[in-house]
Structures are given as C-alpha cells and as structure tokens.
Amino acid sequence: DGGITQSPKYLFRKEGQNVTLSCEQNLNHDAMYWYRQDPGQGLRLIYYSQIVNDFQKGDIAEGYSVSREKKESFPLTVTSAQKNPTAFYLCASMGAGGWTGELFFGEGSRLTVL
Amino acid sequence: DQQVKQNSPSLSVQEGRISILNCDYTNSMFDYFLWYKKYPAEGPTFLISISSIKDKNEDGRFTVFLNKSAKHLSLHIVPSQPGDSAVYFCAASVAVKAAGNKLTFGGGTRVLVKP
Numbered sequence: 005d006g007g008i009t010q011s012p013k014y015l016f017r018k019e020g021q022n023v024t025l026s027c028e029q030n031l032n033h034d035a036m037y038w039y040r041q042d043p044g045q046g047l048r049l050i051y052y053s054q055i056v057n058d059f060q061k062g063d064i065a066e067g068y069s070v071s072r073e074k075k076e077s078f079p080l081t082v083t084s085a086q087k088n089p090t091a092f093y094l095c096a097s098m099g100a101g102g103w104t105g106e107l108f109f110g111e112g113s114r115l116t117v118l
Numbered sequence: 006d007q008q009v010k011q012n013s014p015s016l017s018v019q020e021g022r023i024s025i026l027n028c029d030y031t032n033s034m035f036d037y038f039l040w041y042k043k044y045p046a047e048g049p050t051f052l053i054s055i056s057s058i059k060d061k062n063e064d065g066r067f068t069v070f071l072n073k074s075a076k077h078l079s080l081h082i083v084p085s086q087p088g089d090s091a092v093y094f095c096a097a098s099v100a101v102k103a104a105g106n107k108l109t110f111g112g113g114t115r116v117l118v119k120p
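Chains E and G, in that order, give the protein sequences.
In this text, residue positions in the first sequence follow our numbering: the first is 5, and each later residue adds one.
In this text, residue positions in the second sequence follow our numbering: the first is 6, and each later residue adds one.
Among the clues, some could well be false.
Some chain G residues flagged as far from chain E (calculated, every beta-carbon gap over 12 Å) [stated by the list, open to error]: (1) LEU39; (2) LYS76; (3) VAL92.
Derived lysine-lysine pairs resembling DSS-like cross-links, with alpha carbons at most 25 Å apart [as the list claims (entries may be wrong)]: (4) E:LYS75 - E:LYS18; (5) G:LYS119 - G:LYS73; (6) E:LYS13 - E:LYS74; (7) E:LYS61 - G:LYS61; (8) G:LYS119 - G:LYS59; (9) E:LYS75 - G:LYS73; (10) G:LYS119 - G:LYS76; (11) G:LYS73 - G:LYS59; (12) G:LYS10 - G:LYS73; (13) G:LYS42 - E:LYS74; (14) G:LYS107 - G:LYS119; (15) G:LYS59 - E:LYS13; (16) G:LYS59 - G:LYS107; (17) G:LYS10 - E:LYS61; (18) G:LYS59 - G:LYS42.
None of these hints come from the bench; they were simulated from the model.
Everything numeric in this text was worked out from a predicted model, so none of it was measured.
Even glycine gets a Cβ: it sits at the ideal position worked out from N, Cα and C.
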C-alpha cells in the first residue's frame, strides 16, 4: 500500500542528545514536510522540501536539521540546540500533479526528552 | 502571529445534530483552504477543501463555507455521528508553487459527538 511511514513511533531522549526521526514515502511525491504538534497550537512547519537536494526552513526551524538525498526519504534531526523538543512530529508529502493543497500525513513520532 | 485561528478549542454536540466549526485567517493572500481531521496518535487526514473562487463546497455530510470579505470559513457536519469525534484543523495556503506549497494550520477544535 502507498503511504508515508514514520519511525520510531515513540522515542525518548536525554537532554543534550541529537535524535533523528525517519520519514519514508512510496507515493512518488516531490514535496515533503515536517510539522510539529503541541497541545493547543496546531501544526507548525519545521522544514519542507519541494525537490531532491533542496529544502527550506519553515516557521520554527531553529534546533532542527533535515536532508533530502532521495525522493522517498526526508529525515529530521532534532538537535541539542532545540530548547523544547518534546512534541508530536508529523511528516507529510504532497503530489506533483498540479496544486491540490492536499497533504498526506504519516502517523507521527512522539519524542519525549527526559 | 497566528495567521489561522480556530477560536473554539472544543465543541460538544448531540448525535444527529449539526456541528459547526469556525476558522478565521488574517493573511489576505491565502486563496485555498482545507479541513483536516485527526484522531489521537494518528496523522491528520484530509477532509474537504475550498478555493477562494467559491463560497461553498459540499461533500456528503461535510460542507465548507468561505466568506472572503470576513476572512472566515466554517465547516458544517450534518448529521453528526459518534465517529466524527476528533480534532479538526483548518488550514490555509497560497496556491502557487512559488509560495512553497505550504499549509498554515489553525490550533484545532476538538469535537465530541455524544450518542
């Protein structure tokens, strides 16, 4: 089945450690996105990539890094510089065939910093 | 500065009645609007959308209304069913590729449909 796979689903990290969240899609979508969800604040855009080897900062990119070496993959690294990393992280993709606006989301990764 | 706001964090409605969810935006460049539904510990799923050239779009029990002059949109669910209990997010975008195809989300409204 086509879709977006995020892993791990749950992750615990000690303060000061970097952690990488995986996002893989087999939808052949060009654009991929990382959002963060905090209670009451909706979804905020961290980074996005419209094409391989290119990505742009979203609204809250500080303390995060990404790469887009393959069309299918868009991993997110939460660095020790991210001051409040505990959150629910959502990866999404969007199709290439014209503008639809419709994002397809993965099931999310919940990161907890101990 | 929140460009998309959902001022009601929660809504409780009786099964069979209408649910009305509201969303306001401030960026006049937004010209495409979407609603997503989210269950706990899952990713959001697309529900319905509307382009700024329309003022209404209907899909089964779901209807979205857009009032451009008021920068306001609403989602009507009729009749509401217990399976509709979820968090609903309003999202907006500028529908050109140069803008990055980014969606800006509201804070969400949690809907509880009581049997």
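Status of each hint after checking the structure:
Not every CB of chain E lies more than 12 Å from the CB of LEU39 (chain G), the least distance being 6 Å, so the non-interface label is violated. For LYS76 (chain G), the condition that its CB be more than 12 Å from all CB atoms of chain E holds, with the nearest at approximately 17 Å. Residue placement check: VAL92 (chain G) does not keep its beta carbon more than 12 Å from all beta carbons of chain E (closest about 9 Å). Between LYS75 (chain E) and LYS18 (chain E) the alpha-carbon distance is near 31 Å, which puts this suggested pair outside the 25 Å criterion.
For the hint pairing LYS119 (chain G) with LYS73 (chain G), the CA-to-CA distance comes to about 33 Å; that exceeds 25 Å, so the pair is violated. Distance restraint check for LYS13 (chain E) and LYS74 (chain E): the Cα-Cα separation of roughly 22 Å lies within the 25 Å cut-off, and the hinted pair is therefore satisfied. A hinted pair counts as satisfied when its Cα atoms are at most 25 Å apart, and LYS61 (chain E) with LYS61 (chain G) does not qualify at roughly 33 Å. The straight-line distance between the Cα atoms of LYS119 (chain G) and LYS59 (chain G) is roughly 32 Å, outside the 25 Å bound, and the hint therefore fails.
Restraint check: the Cα-Cα separation between LYS75 (chain E) and LYS73 (chain G) comes to about 37 Å, which exceeds 25 Å; the hinted pair is violated. Under the criterion of a C-alpha separation no larger than 25 Å, the hint pairing LYS119 (chain G) with LYS76 (chain G) is inconsistent with the structure, at around 31 Å. Between LYS73 (chain G) and LYS59 (chain G) the CA atoms are separated by roughly 9 Å; this keeps the pair inside 25 Å, and the hint holds. Of the pairs offered as hints, the one joining LYS10 (chain G) and LYS73 (chain G) holds, with about 15 Å between alpha carbons and a cut-off of 25 Å not exceeded.
The hinted pair formed by LYS42 (chain G) and LYS74 (chain E) fails the criterion: a straight-line CA distance of about 29 Å is larger than 25 Å. Among the hinted pairs, LYS107 (chain G) with LYS119 (chain G) is inconsistent with the structure: their alpha-carbon atoms are about 35 Å apart, more than 25 Å. For the proposed pair LYS59 (chain G) and LYS13 (chain E), the alpha carbon gap of about 39 Å is over 25 Å, so the pair is violated. A hinted pair counts as satisfied when its Cα atoms are at most 25 Å apart, and LYS59 (chain G) with LYS107 (chain G) qualifies at roughly 21 Å.
Between LYS10 (chain G) and LYS61 (chain E) the alpha-carbon distance is near 22 Å, which keeps this suggested pair within the 25 Å criterion. Restraint check for LYS59 (chain G) and LYS42 (chain G): satisfied, since their Cα atoms lie roughly 22 Å apart, inside the 25 Å limit.
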